[in-house]
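Colleague: So the sequence lines, in the order shown, correspond to chains D and W. Position 90 of the first sequence, counted from 1, bears residue number 90 in full-length UniProt numbering, the numbering being contiguous throughout. Position 410 of the second sequence, counted from 1, bears residue number 410 in full-length UniProt numbering, the numbering being contiguous throughout.
Check before you lean on any hint, since a few could be wrong.
Pairs involving identical chains hold if they fit within one copy or between any two copies, as the list cannot separate such chains.
Heads up, simulated DSSO-like pairs for lysine-lysine below, C-alpha to C-alpha not over 30 Å straight-line [what the hints assert, rightly or not]:
hint, residue 1, residue 2
1, 188, 221
2, 10, 185
3, 185, 206
4, 206, 9
5, 230, 106
6, 206, 188
7, 152, 188
8, 318, 191
Source of the hints: derived by calculation from the structure; they are not laboratory data.
What follows is the residue order along each chain.
There are 2 protein chains.
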Amino acid sequence: MQAFLEEAKKSSRTIANLSTAIKNKVLNEMADALLNHCDFIISHNEKDMSNAKLNNLDEALLDRLLLTGDRIKAMSDAIKQIASQTEPVGRILDGWVTKDGLNIQKVSIPIGVIGIIYESRPNVTSDTAALCFKSGNVCVLKGGKEAEHSNKAIAIVLREVLAKNKLPEQAISLLPDSTREGVAKLIKQDKYVDLIVPRGGEALIKFVSENSSIPVIKHDKGLCHIYVDKDAAPSKIIDIVINAKCQRPGVCNAMETLLIHEQIAPYILHGLEDAFSEQGTIIKACPETLKLIKAIPATNEDYDTEYLANILNIKIVKNCDEAISHIQKYGSGHSESILSENYSTVNKFLNEVDAACVYANASTRFTDGGAFGLGAEVGISTNKLHSRGPMGINDLTTFKYKIYGSGQIRN
Amino acid sequence: MQAFLEEAKKSSRTIANLSTAIKNKVLNEMADALLNHCDFIISHNEKDMSNAKLNNLDEALLDRLLLTGDRIKAMSDAIKQIASQTEPVGRILDGWVTKDGLNIQKVSIPIGVIGIIYESRPNVTSDTAALCFKSGNVCVLKGGKEAEHSNKAIAIVLREVLAKNKLPEQAISLLPDSTREGVAKLIKQDKYVDLIVPRGGEALIKFVSENSSIPVIKHDKGLCHIYVDKDAAPSKIIDIVINAKCQRPGVCNAMETLLIHEQIAPYILHGLEDAFSEQGTIIKACPETLKLIKAIPATNEDYDTEYLANILNIKIVKNCDEAISHIQKYGSGHSESILSENYSTVNKFLNEVDAACVYANASTRFTDGGAFGLGAEVGISTNKLHSRGPMGINDLTTFKYKIYGSGQIRN
Numbered sequence: 001m002q003a004f005l006e007e008a009k010k011s012s013r014t015i016a017n018l019s020t021a022i023k024n025k026v027l028n029e030m031a032d033a034l035l036n037h038c039d040f041i042i043s044h045n046e047k048d049m050s051n052a053k054l055n056n057l058d059e060a061l062l063d064r065l066l067l068t069g070d071r072i073k074a075m076s077d078a079i080k081q082i083a084s085q086t087e088p089v090g091r092i093l094d095g096w097v098t099k100d101g102l103n104i105q106k107v108s109i110p111i112g113v114i115g116i117i118y119e120s121r122p123n124v125t126s127d128t129a130a131l132c133f134k135s136g137n138v139c140v141l142k143g144g145k146e147a148e149h150s151n152k153a154i155a156i157v158l159r160e161v162l163a164k165n166k167l168p169e170q171a172i173s174l175l176p177d178s179t180r181e182g183v184a185k186l187i188k189q190d191k192y193v194d195l196i197v198p199r200g201g202e203a204l205i206k207f208v209s210e211n212s213s214i215p216v217i218k219h220d221k222g223l224c225h226i227y228v229d230k231d232a233a234p235s236k237i238i239d240i241v242i243n244a245k246c247q248r249p250g251v252c253n254a255m256e257t258l259l260i261h262e263q264i265a266p267y268i269l270h271g272l273e274d275a276f277s278e279q280g281t282i283i284k285a286c287p288e289t290l291k292l293i294k295a296i297p298a299t300n301e302d303y304d305t306e307y308l309a310n311i312l313n314i315k316i317v318k319n320c321d322e323a324i325s326h327i328q329k330y331g332s333g334h335s336e337s338i339l340s341e342n343y344s345t346v347n348k349f350l351n352e353v354d355a356a357c358v359y360a361n362a363s364t365r366f367t368d369g370g371a372f373g374l375g376a377e378v379g380i381s382t383n384k385l386h387s388r389g390p391m392g393i394n395d396l397t398t399f400k401y402k403i404y405g406s407g408q409i410r411n
Numbered sequence: 001m002q003a004f005l006e007e008a009k010k011s012s013r014t015i016a017n018l019s020t021a022i023k024n025k026v027l028n029e030m031a032d033a034l035l036n037h038c039d040f041i042i043s044h045n046e047k048d049m050s051n052a053k054l055n056n057l058d059e060a061l062l063d064r065l066l067l068t069g070d071r072i073k074a075m076s077d078a079i080k081q082i083a084s085q086t087e088p089v090g091r092i093l094d095g096w097v098t099k100d101g102l103n104i105q106k107v108s109i110p111i112g113v114i115g116i117i118y119e120s121r122p123n124v125t126s127d128t129a130a131l132c133f134k135s136g137n138v139c140v141l142k143g144g145k146e147a148e149h150s151n152k153a154i155a156i157v158l159r160e161v162l163a164k165n166k167l168p169e170q171a172i173s174l175l176p177d178s179t180r181e182g183v184a185k186l187i188k189q190d191k192y193v194d195l196i197v198p199r200g201g202e203a204l205i206k207f208v209s210e211n212s213s214i215p216v217i218k219h220d221k222g223l224c225h226i227y228v229d230k231d232a233a234p235s236k237i238i239d240i241v242i243n244a245k246c247q248r249p250g251v252c253n254a255m256e257t258l259l260i261h262e263q264i265a266p267y268i269l270h271g272l273e274d275a276f277s278e279q280g281t282i283i284k285a286c287p288e289t290l291k292l293i294k295a296i297p298a299t300n301e302d303y304d305t306e307y308l309a310n311i312l313n314i315k316i317v318k319n320c321d322e323a324i325s326h327i328q329k330y331g332s333g334h335s336e337s338i339l340s341e342n343y344s345t346v347n348k349f350l351n352e353v354d355a356a357c358v359y360a361n362a363s364t365r366f367t368d369g370g371a372f373g374l375g376a377e378v379g380i381s382t383n384k385l386h387s388r389g390p391m392g393i394n395d396l397t398t399f400k401y402k403i404y405g406s407g408q409i410r411n
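Bound-form chain D, shown alone:
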């Protein structure tokens, strides 16, 4: 493991200093190579699929695992799109002249070696490898066990392009020991690895956060709320809350709990009940709500649950303050939204709620690299530092100060 990571670290100096032209050439060749080796990749994916069927994985997981010609075409297109993004390295983030006449530039640079731990979908392998390469980073990938053969095939194809271009193949590596013990070793190698990005279940993220000596950027759960204020515009309410809950209930930016101001609740709850019923949503509700509509009584545990399913908690609150308190207590700091036409209430909510994304009068479903306009995303960071919310390619860079002097010494 150590020798492997030492090689990865060594190659990072080469990768960090590649020109945009070379990086884009290599990425476009990688995109073509995926198409040219479609059959090779599919034949390896078939091994994973038949193992998965033997292990009785459920339909949803099988679907996430499956690669087809169309899906490989989509992976190839994603790499081309990443190649076309603006160069993330070398951006001048800030700059000034000091009283001593030193010319300071704060410049974006690659992070170095990034370990990424993720689950089933094999397209994450090519997406992540391309994002890391474009941003001048070396990646050490640890995919799900169930996608082992697919990930290996994809890595072989991408690494062949690196070799053909006389670049170190270690720049795109799969972790050799992909067991839990392998991960446990990886996250202690702070000498060689600069960042760990765990995407996956809560147990994995907890294990990595608690045991890593390397900085971690978590992609943890999203427990998102919408607060319907007494001054919400009635015409917008139903569309937004239905979109936030029902358009894709299994994703992290979907709403789990709807908070409603007590003064508006009697006027909107019946309409909401009908609209959610049409969507087949299961409603759990607080005692005050249960006086107005029929639903399952909600428990404190329900408020603390990311359903990832078409289930919604509804709670009536006295005012914006109570809504904010509820969000601070149960929210995961992901995406929170207020529906209100009141200037001061909106400002209060946007200022006081501590979350990656706080919305006024929009669905929480927009928390996404694509919807934000950031291009391909590494994921949605639930960290508070370095990267927060949609993690685009610029978040795969850090910075250094370049200081241009003319003989200065310190007094």
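Got chain D; can you put chain W on it based on the hints?
Modeller: Below, chain W alone, put in the same frame as chain D:
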């Protein structure tokens, strides 16, 4: 410990939302309170001083620990200076409109609860408390055991001002259990603490990095180099390298190893030998250097040592590439400098060396919040992410996205 941190976390919402006017009023009152309670603080400092003498602490440590009227005046002035800095919270860092018409603002916000672990100097207590308060953060301070009474006295004075202004006193807290076990517990409380900043010895920093489940911003050692290229301007060399080594050898941005291009070495080494000899610098040198001047032979271990003393390694290298390789191997990513008038060589060095601060034609001693023009500093971060190099007050903020919609739902 948990109940204590829960209170700290709770108070962070109040502190995060204070106006600039109130924060500055409170800070100026804190500055006055330090002066008004000068005798009280000095009487507590005397207890620490007499304990320290009983424990035979050396002169340098005793001097760092000592508080006098003048030093308390300096602490008071530092708080006033922090109050006068530009508001770090609410800066719009970026902003754009998405294709759906969402107006996105990336806005700086306080980090939350920050745990800071540091050593002897009691002025760090008031400086850090003021920096955290100005940036809307709650601080949990763990100072050195030897400064226990002084730190307590300072905290009492500052907290009294918070109470008088009806603000939660927990906003400035000393860790109740200040033993190593207390620190071990603190760094696992990721539910309540958002950031840990360890400043101090290597053992402490290693322990915190390896065991914290909270993000850590290290203030680790500085093993800094200057590379004298063959195209260095002869008139600048001696002033810069003497400044970098000798002006204050005990600090992290002082030079430890001088790398010299083989073509220029014969012309400058005798001059350097004389200049360093005048400063009483002990020279350790590579075999090639020893052919030209008298010195102690340098070992690989010497290249790996942060002397914090008036000792210097000198090594002759073949070219800029060898200098960069040496720096990548032995440097701590703190501050590195090249002396050269060659445009391409300077660019190569500034681009390829991975360190917080890379200089051309200046002393490494400028890596400092004050010299950078950032105002009071928390320290010099040796992290690669979030904060790198001089950590000013803006580095005590993170960000969130405020998203202004008008009824948008996701397709």
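Colleague: Determine for every hint whether it applies to the structure shown.
Modeller: Hint by hint, here is what the structure shows:
Taking the shortest Cα distances, residue 188 and residue 221 sit within 30 Å of each other both inside one copy (24 Å) and across copies (20 Å). In the homo-oligomer, the alpha carbons of residue 10 and residue 185 lie at most 30 Å apart inside one protomer (19 Å), although the nearest pairing across protomers, at 36 Å, exceeds that limit. Taking the shortest Cα distances, residue 185 and residue 206 sit within 30 Å of each other both inside one copy (16 Å) and across copies (17 Å). With identical chains, the CA atoms of residue 206 and residue 9 are at most 30 Å apart both within one copy (26 Å) and between copies (21 Å).
In this homomeric assembly, residue 230 and residue 106 come within 30 Å of each other (Cα to Cα) only across copies, at 27 Å, whereas the closest approach inside a single copy is 46 Å. For a Cα distance limit of 30 Å, the shortest separation of residue 206 from residue 188 qualifies both inside one copy, at 15 Å, and across copies, at 12 Å. Proximity of residue 152 to residue 188 under the C-alpha cut-off of 30 Å is restricted to the intra-copy arrangement: shortest distance 24 Å within a copy versus 36 Å between copies. Taking the shortest alpha-carbon separations for residue 318 and residue 191, only the inter-copy value of 27 Å comes in at or below 30 Å, while the best intra-copy value is 52 Å.
Hint compliance for this structure: every hint is met.
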